[in-house]
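Asker: Start from the sequences, fold in the hints, and give me the full structure.
Which chain is which? The protein sequence lines are E and B, in order. Residue numbering for the first sequence follows the numbering used here, beginning at 1 and increasing consecutively. Residue numbering for the second sequence follows the numbering used here, beginning at 346 and increasing consecutively.
Hints may be right or wrong, so weigh each one.
Rough simulated footprint, nothing fancy, chain B against chain E, three-plus residues with beta-carbon under 8 Å [what the hints assert, rightly or not]:
| no. | stretch |
| --- | --- |
| 1 | 133-147 |
| 2 | 153-159 |
| 3 | 261-271 |
| 4 | 308-321 |
Straight line, CA to CA, 27 Å or less: simulated DSS-like cross-link-like pairs of lysine-lysine [what the hints assert, rightly or not]:
| no. | chain 1 | residue 1 | chain 2 | residue 2 |
| --- | --- | --- | --- | --- |
| 5 | E | Lys-337 | B | Lys-431 |
| 6 | B | Lys-431 | E | Lys-334 |
| 7 | B | Lys-426 | E | Lys-219 |
Bear in mind the hints are in silico, worked out from the structure with no lab data behind them. Yeah, the Cβ is synthetic: ideal placement off N, Cα and C, and Gly gets one too.
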Amino acid sequence: MSMTFEDSGAVLEARKQYNAKLAQQADKRRAWWFPIAVMALLMVLPALQLVGNYNYLLHMVLFTASYVAMASSWNILGGFTGYISLGHTVFFAIGGYLAGVLLARYGISSLISAPLVGLVAAGFGYLIGLITLRVRGPSFIISSLALLMIVRILFDNWHFIGGANGMALPVTDLGVLWAKVPYYYAMIAIAALTVICAYKIKHSKFGLGLRAISKDEVKAESAGINTRLYKVLAFAFSAFFIAMAGAVWGEYLTYLRPNIFLIILVAANMMLMCILGGKGTIAGPVIGAILLVAFNEFFVAMMGASELNILGTGAIMAAVLLFFPLGVVGTLAKAGKLPRILNWD
Amino acid sequence: MADIIQLTILGLALGGVFALMGSGLSLVFGVMRVVNLAHPALIIAGAYATYWGWRLLGVDPVLMMPFSAALLAVVGIVIYKVFFEKDAASAKYSDLTVLMAFAVAMIVEGALGGMFTNTQRVTSPSYATEAIFIGEIFIPKGQLIAGIISMTIIGSLGLFLKFSRTGYAIRATTQNREAAELLGVNLRFIALLSFAIGIALAGCAGSLVSFVFNFFPAKHWEWIAIMMSLVVLGGMGSILGTVVGALLLSVLASYVGAAAGATWSTMVFFVALFLVLLVRPQGLFGDKSELAS
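Answerer: Have a look at this one:
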């Protein structure tokens, strides 16, 4: 039996108007031009190749874009929903390997197969989420770690995909100057898509439900949110974008190996970028990725050794957790000092 | 039949070492609700302390154990003071500290790697390569010694927890923090003490590990999941559970290793971890309220 109130239509109408007004106010304060300008700049950047060899610059942008995609994607589960996963490199590997096999056996470039690969990984994510999202808190973190270990052993022993030795992919026909450019555009497109989707998700009813889950899952459930479905969908979404990034990254490297894709450092980096920039914000993972890549390059240039690199990563992570648990964006926003160009939420 | 007895003995000897590796982790979780992902990295630090004592001064790895334990206890106190003391009252302490422990693990790994490089090391006292034969069955002497020492240490830890006043206070804190505090237990001191004991146990385990396994700084990632599986199977916070979990899984792993090849034997630990978390998150001896909620 349904009940209707006489004025319910008027109430709904009033709420709609109020929401529109709020949205308009938010829009006025938003610096839309900034992301568009950044994108435009990135679009024309490869033109530098006409005047010289700027492959290093392109590589750094591509690398950062892949981390932006991964961090923003991780943020959907880790930031919005509050489920911290240390095993998300599994989807990076699934994406990379699936696209790699398609390329090596059937000659389909990852630039075409990436969305399909993403969907397959999202399917895996959905299934894995159904199992692992039954537990939460430390148990979930530990189970994600176990997932990574299991998949690593499987990939190390799976001869069809080269086992621990990995497999080589055909190299592109383009010359040295232009070899990076297709992957550059593809990775930037994936990163932009991920950020836009993360924004859309955050501002949808679905995103509201996810944030409710991260605050208090029991209350969210009793408020009528289908928490199980929401969590699993969040898991699938985050798997989708990471796998797309993995697909392009694998073909770009022309080499697939479990110890490139399935190492805990990559998983740690995804988490670190979100925490560094601000968990649960839209601009946070982007800023985190830029900062982390910059730190990495700095450490490598200064000290060279990969072990000190790990030390640096750990030290930054600990320092951020101790002193700025909200990350760059969160800390600035709390102090009311977030520049308008970084307010993407 | 002899094969099965042989595999069981090898599994039990290894399980004894794993039990000591996991018991410190379990103690720290029980008292402080910290899932200390840095524990295996600290075991490796203990193994390095032992290695250099053996290599440079010729001290037997087993004799290096008290030194390694004391060194690691000090390291543990520093780590606790710097990284874990903040937010101890927060409801999300477990979640916060997992990330922090992860960061600490990376710091320890990076520092060890920077100082000692990622070369594989192992101490090789004479008993590490000898074996005792009983009929057709052989028992590797190194693993037997390590297993016996580890059981002795865990036994004395159990006695300490059961009969001393401090042990009472630690157990009370594990069971119910608020009630323990109301009854006059100094929570801060107990937390610091159990963290120090837990990390000292990592130091002891490091000394044994140094002649049972090859080790290098990055190896601890492999051990994290193994140790988590023991501790989770036994029930986090239960030392007895950890010992049972360690023995059970190691024996199982040695069967699987013999049947399917050595690379698959560690799979037992990871699959067990996965299954236990999903089917019975509180483990065999654990209290349901801790991890499941």
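Asker: With reference to the structure, classify each hint as holding or not holding.
Answerer: Here is what the structure says about each hint:
Counting residues of the stretch 133-147 of chain E whose beta carbon lies closer than 8 Å to any beta carbon of chain B gives 11, which meets the minimum of three for the stated coverage. Given as covered by chain B, the stretch 153-159 of chain E passes the check, having 3 residues with a CB less than 8 Å from a CB of that chain where 3 are the minimum. A stretch counts as covered by a chain when three or more of its residues have a beta carbon under 8 Å from one of that chain; for the stretch 261-271 of chain E and chain B the count is 3, and the coverage holds. Judged by the Cβ-Cβ criterion of 8 Å, the stretch 308-321 of chain E is covered by chain B as claimed, because 11 of its residues qualify and three suffice.
Of the supplied pair hints, the one linking Lys-337/E and Lys-431/B holds, its CA atoms being roughly 26 Å apart against a limit of 27 Å. Restraint check for Lys-431/B and Lys-334/E: satisfied, since their Cα atoms lie roughly 20 Å apart, inside the 27 Å limit. For the suggested pair Lys-426/B and Lys-219/E, the alpha carbons sit about 35 Å apart, so the restraint of at most 27 Å is broken.
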